[in-house]
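Student: Listed below are the residues making up each chain.
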Amino acid sequence: MQMTMLRLYDRLGPAAYRLAWALTGQDQAAQELVAGTLERIMGDGLPGSDAAVFLRLCSALRTQAGSQTAYAQAAGRLPERNRLTFELAYFGGFTVRQIAGALGEPDRSVMGTLREALETLRLALPHESKEVAHAGARR
Amino acid sequence: MTHEQLIESAAGYALGVLDADERSEFESHLTGCAQCRAEVDSYRETVGLVGTVAPPAVPANSAALRARILERASAARPIASAPSARARQRDSWVPWTAAAASIAIAAFSTWLYASQRDRNTRMQEELTAARNELAARDSALAALMGPEVHVVSLAQATNKPAARVFWNHTRNVFVVTAHALPPAPDGKTYQLWAISKGKPPVSMGTFNPDADGGAIVLPVSTAVNEAGFIDFCALTVEPQGGSSQPTETPRLIGSWRHVD
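Residue numbers (this note's numbering), protein chains in the order written: chain A, 1 to 139; chain B, 1 to 260.
Calculated directly from the structure, the hints in this document are not laboratory data. A couple of the hints might just be wrong.
[To be verified] Quick list of the computed label-pair ranges, beta carbon to beta carbon:
{"#": "1", "chain 1": "B", "residue 1": "Ala130", "chain 2": "A", "residue 2": "Gln28", "range": "37 to 43 angstroms"}
{"#": "2", "chain 1": "A", "residue 1": "Arg7", "chain 2": "B", "residue 2": "Ser24", "range": "29 to 35 angstroms"}
{"#": "3", "chain 1": "A", "residue 1": "Arg40", "chain 2": "B", "residue 2": "Val58", "range": "38 to 44 angstroms"}
{"#": "4", "chain 1": "A", "residue 1": "Glu80", "chain 2": "B", "residue 2": "Leu127", "range": "19 to 25 angstroms"}
{"#": "5", "chain 1": "B", "residue 1": "Ala130", "chain 2": "A", "residue 2": "Gly48", "range": "22 to 28 angstroms"}
{"#": "6", "chain 1": "A", "residue 1": "Met3", "chain 2": "B", "residue 2": "Ala20", "range": "28 to 34 angstroms"}
{"#": "7", "chain 1": "A", "residue 1": "Ala29", "chain 2": "B", "residue 2": "Asp19", "range": "45 to 51 angstroms"}
{"#": "8", "chain 1": "B", "residue 1": "Asp21", "chain 2": "A", "residue 2": "Ala29", "range": "36 to 42 angstroms"}
{"#": "9", "chain 1": "B", "residue 1": "Asp210", "chain 2": "A", "residue 2": "Arg81", "range": "41 to 47 angstroms"}
{"#": "10", "chain 1": "A", "residue 1": "Met3", "chain 2": "B", "residue 2": "His179", "range": "38 to 44 angstroms"}
{"#": "11", "chain 1": "A", "residue 1": "Ala29", "chain 2": "B", "residue 2": "Ser24", "range": "39 to 45 angstroms"}
[Said to hold, decoys possible] To list a few chain A residues with every Cβ distance to chain B over 12 angstroms, as calculated:
{"#": "12", "residue": "Gly36"}
{"#": "13", "residue": "Gly48"}
{"#": "14", "residue": "Thr63"}
{"#": "15", "residue": "Glu80"}
{"#": "16", "residue": "Ser109"}
Each residue gets a CB set at the ideal place from its N, CA and C atoms; glycine is no exception.
Pulled out of the complex, with its shape left as it was, chain A reads as follows:
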């Protein structure tokens, strides 16, 4: 159990923490959420691929987290399927093909879902964050 859980954490923990931080906005809360969620999904038994495990993590994290942060509120506007697809891509870094495998959908369907998700997020993100230019160059 220890070995399996640590392996799971080493593979998916950083991405899970990043999502947990986006949902809670606090380091301690995010750490607690990741630890509790990993334990919970380990108890339920693990599906095959990392993408499939991360899919379950995304569902469980959302269930246990509140909806206070700007990201949680914006992502809350997405239909469940679109949110999970987006989080697999953005937080998990899984490719379209890996996501399609985890969801049991064709690649084209995943691409269309990502498109819908980004268009919804563009409208759902708080106005002030649109004025915060992301760090970097003047393009």
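Based on these hints, arrange chain B on the given structure of chain A.
Tutor: Below, chain B without anything else, positioned relative to chain A:
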């Protein structure tokens, strides 16, 4: 594939999650298709917006989180089950010698288990350290690749560039590579700063280059995102742990206004 089919890939491309063959085909199409380029730019802007509310955060203390997970896994491990009432009744007639032998065996088993567990834990820690190092290198490499990467050179007036800062705006990750950067003095560390005109510098993180000047991945803090446009990046040497503001004139500085 047709334009109508390819334009469906724009969001996946902006997120950096197309598989290699799909990415290659889309990029070939992208060079001659203004509509797809506009789509990609638009989606990248949205990805950047998401980055402002969901930056690539890392635990304040990764080791503590890992220890907490290990602790939970240990607590969940079924070590032994309590004996049933019937078993206790049956055991009531067991001779003292047998009981003593059982205790001895149990003690030996416990010692053996603890010993084995400690050895396993050490091996796991070594394995994890190697995995983490590999993952860090993979992460740095991934952040350096792709058309969404900008780079700025940090240089002194007379010398060749001694450091470069790569910015992958899709992933919102900064990677620093050092070239002939001398080791920081004892008790000191290098600290990278984001400077926006009219605002105080914002720390982008601290690092110490290895002997080869290896790549260092810096997580982007919320403070950097809130800094807005960055005009310059500067490098100073600060006390271990970093400073809230630079305490010396930058040793290296580079402008983001003319990026590659």
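Student: Of all the hints numbered above, which does this structure not satisfy? Sort the numbers upward.
Tutor: 1, 3, 4, 7, 12, 16
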